[in-house]
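As you go down the protein sequences, you meet chains R and U in turn. So that you can map any letter, position 351 of the first sequence is 351 in our numbering, and since no number is skipped, the others follow by simple counting. So that you can map any letter, position 291 of the second sequence is 291 in our numbering, and since no number is skipped, the others follow by simple counting.
No wet-lab data here; the hints were simulated from the structure. Note that beta-carbon positions come from the ideal geometry of N, C-alpha and C, so glycine has one too. You may find that some hints are simply not true.
[To be verified] Under 10 angstroms between C-beta atoms, here's a sample of chain U residues computed to sit facing chain R:
1) SER68
2) LEU89
3) VAL122
4) PHE190
5) LEU193
6) LYS196
7) SER197
8) ILE201
9) ASP222
10) ILE226
11) ALA228
12) THR243
13) PRO244
14) VAL246
15) ALA247
16) LYS267
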Amino acid sequence: MKNFTENPAYKFLLFPIGQISVFAIGASVVLSLITVLLAFIFKFNVTDFDLVERTMLILPQVIINGVTIGFVYATIALGYTMVYGVLEFINFSHSEIFMVGGIVGIQLMAYFEHIGVLATMNEYLVIALAIVLAMAVSGSLAVVVERLAYKPLRGAPKLVPLISAIGMSFFLQDAVRLILSLTTGEFNVILPKFGTFDEFWKIAIPGMEDPLRIQIKSVIMVGTAVLMLLGLNFLVNGTKVGKAIRAVAQDRPSASLMGINVNQIISITFLVGGTLGGAAGVLFALKATKLDPFSGFFPGLKAFTSAVLGGIGNLTGALLGGLVLGLLESFAASYLGIFTNGAFGAEYKDIFAFAILILVLIFRPSGLLGQTVGQKA
Amino acid sequence: MNKRLLALLSLLVIASMALAACGTPAATEAPAEEPAATEAAATEAAATEEAAPAAMGTIKIATQSPLSGGQSLLGVAIKQGAELALEQLSGDLVAMGYDVQLAPYDDQATPDVGVANAKNIVADSEILCGVGHLNSGVMIPSSEEYHTANLPFVSPANTNPVVTTRGYLEVNRVVGRDDVQAPAAEEFAFTTLGAKSVYIIHDKTAYGQGVAEFFRGAAEEDGLEIVAFEGTEETANFDAIVTPLVATQPDVVFFAGIYNQAGVFFKQARDAGYEGTFMGTDGMDASDLADIAGDALTTGGGMYYTTVAGPASAYPKAATFAADYEAKFGVAPEPFAAQAYDSMAVCLAAITAAAEAAGGVPTRLQVAEAVRQVSIDGLTGAIAFDDIGDLPTAQYFILKVNGATKDTWNSNEIVEILEVASPGKGE
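Given the sequences, and given the hints that come with them, work out the whole structure.
Right, dumping it as structure tokens:
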């Protein structure tokens, strides 16, 4: 049995995929059960339509929405959690690294449209190129930010780089705004129209009137995010660099004594986090279809929350946290209005999601999975 | 390292300033041009009049609108409309020996920034009148500052009733009001479109929520079924809101908010299978909406919006204005540019009248009183104010979106024009 668990195909493919599926399905099932239960309880309060029927009608769609955005949160959250694992500070400029990735990706597509090849190119190739470019730009930007704003403060008290990160975040927002106003003169960066991924796959479910509709975009988002997560898992747990990252996360002075170039490893951590952020930016841009220099803030905040919810510093925790938060939001926004007969609408989704977060943190202060030092970063 | 960092940062700042100075005129305009323009006007005036008296002093007219950020398209149009009016209509004041300047401020569509700017505007004693804002949510708190300082402001775009119903002498507007606009939209949905059910969504701002509530009030009176009444700050991922919406398929979705948020919502709702009609108010009236939402606006039940600022074709006199505007700024005027032009015209007329009466630089209070006496024939019609600063009768337009791209925005068709008297101060 030991031989099998040491088999790389299991360790880096089967196990993480299994883990991701368990998290996604488990969180969906738990939330669905709670929702359906609530539907039965509230059934008699709502008279003008059958609450249970209405609940079941949109349930599959709500789950898909939640899982899709959950994977995007998870991909961004990994950037926060990796840096926290290694340096123990929150890199608040990560939300801007993410935004830059999205804008770079859209600009590449806009460039293709400008030179007139967008319509003839394979749409998946376009997305892949945009993701690769965004990863390169965001990754390098994260490394540069680390060199300029964090490295000089390495020995300082922990709050100092935190302030520097917040400052960097504002600086990047306005730098992007300035660059955009000088080059395109437009504040909104709009995704050009191409390809067929706005369309839906319709899957008929036996026993249900309407088919389940899955947007091709959502499949691309989830698929790419899963690939990123697998890649990261391999990097951290299967390579020498990953071993070095884990060593630095556990004990920086000792790692340094063992001959690990700590500064280089920290740079690599930022590179990896930034790369993931850039890819997530393009995925988010596909969904949002419009970004601006301030678009990074809210997804960044949500992703940071996911990281905390899962247990900051813990990679698996970031994945679980992202999925749970995405699903919570989706359920809250879709069902609050229906259950309360319009008294509370979707506008309270964040309050609801964050109330759950507070509850979780009261009972599990170190997050859902906790900060298991062995797995840290 | 820190010194080097500082040097690098200052280099960056200098480089960006240099770039900004010679950059595109649309984005960042150095106010340095203003004196040159007025100087030219001054020499021209001096040539026709007998030697103009030595400078009587400087008079500044402020504009406040979002020059940066998601709503800058409309905000910049307000500034540029006012700028053009200042250039074309300040001749009388210049002949009287005043140096007339524009003082543009960027409120970033944010109440905090608007109020902070308002404090600066009030502190500059040379500013005698102002044009702004775009957003009612910014205008309402900022105008408390103007009110305290007796500084008159003429709004080219604010439609929330509260802007004028407080009864401040200093606050005026050249457009209609939401308590007429939103019921007009509802009337259109109910009678003309024959809608039975409506989904109302707003952006949680003073403007959006205000409009949404007036719409809801009118819908309740007509017995229109209100499927939901939602507010959201979301700008990117509307899936969770769209899912229950698509499941119920109401006849009309009414979005009370601004185009950059609504466009994404419309697109995602249409993609997800909503087939009815989208409606909105004047916050939708920007060509960027078509770029963001694309054919979501023309498929299914299409998209209609009401506005207090009609398209250029609705105003016969605006043709020369549009040509002048395009010649000066290189772009066609967006909505509210003509209204800003008229607002500036009101300011200039009032200052001229007050200056003549006072025989020198008038006080702000004198200008504020003069604004209420102004009666001019503006680009958008006759302009005079009632005792709370509203137009006695304002025009409201209902338009249908005709194209799915930015370029076709000006071909949007006027479906109805209503002339409605101001409801006044209300109860």
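Right, here's what the structure says about each hint:
1. SER68: Nearest chain R Cβ about 7 angstroms off; hint holds.
2. LEU89: 28 angstroms, violated
3. VAL122: Violated, because the Cβ-Cβ distance from VAL122 (chain U) to chain R comes to roughly 27 angstroms (cut-off 10 angstroms).
4. PHE190: 20 angstroms, violated
5. LEU193: The hint is violated - LEU193 (chain U) has no Cβ within 10 angstroms of chain R, the shortest such distance being about 23 angstroms.
6. LYS196: 15 angstroms, violated
7. SER197: Violated, because the Cβ-Cβ distance from SER197 (chain U) to chain R comes to roughly 12 angstroms (cut-off 10 angstroms).
8. ILE201: For ILE201 (chain U), the interface hint holds, since the closest Cβ of chain R sits about 9 angstroms away, which is under 10 angstroms.
9. ASP222: This hint is violated: ASP222 (chain U) lies away from chain R, its Cβ roughly 18 angstroms from the closest one there, beyond 10 angstroms.
10. ILE226: 8 angstroms, holds
11. ALA228: 5 angstroms, holds
12. THR243: 5 angstroms, holds
13. PRO244: 5 angstroms, holds
14. VAL246: For VAL246 (chain U), the interface hint holds, since the closest Cβ of chain R sits about 8 angstroms away, which is under 10 angstroms.
15. ALA247: Since chain R brings a Cβ to about 5 angstroms from ALA247 (chain U), closer than 10 angstroms, the hint holds.
16. LYS267: 6 angstroms, holds
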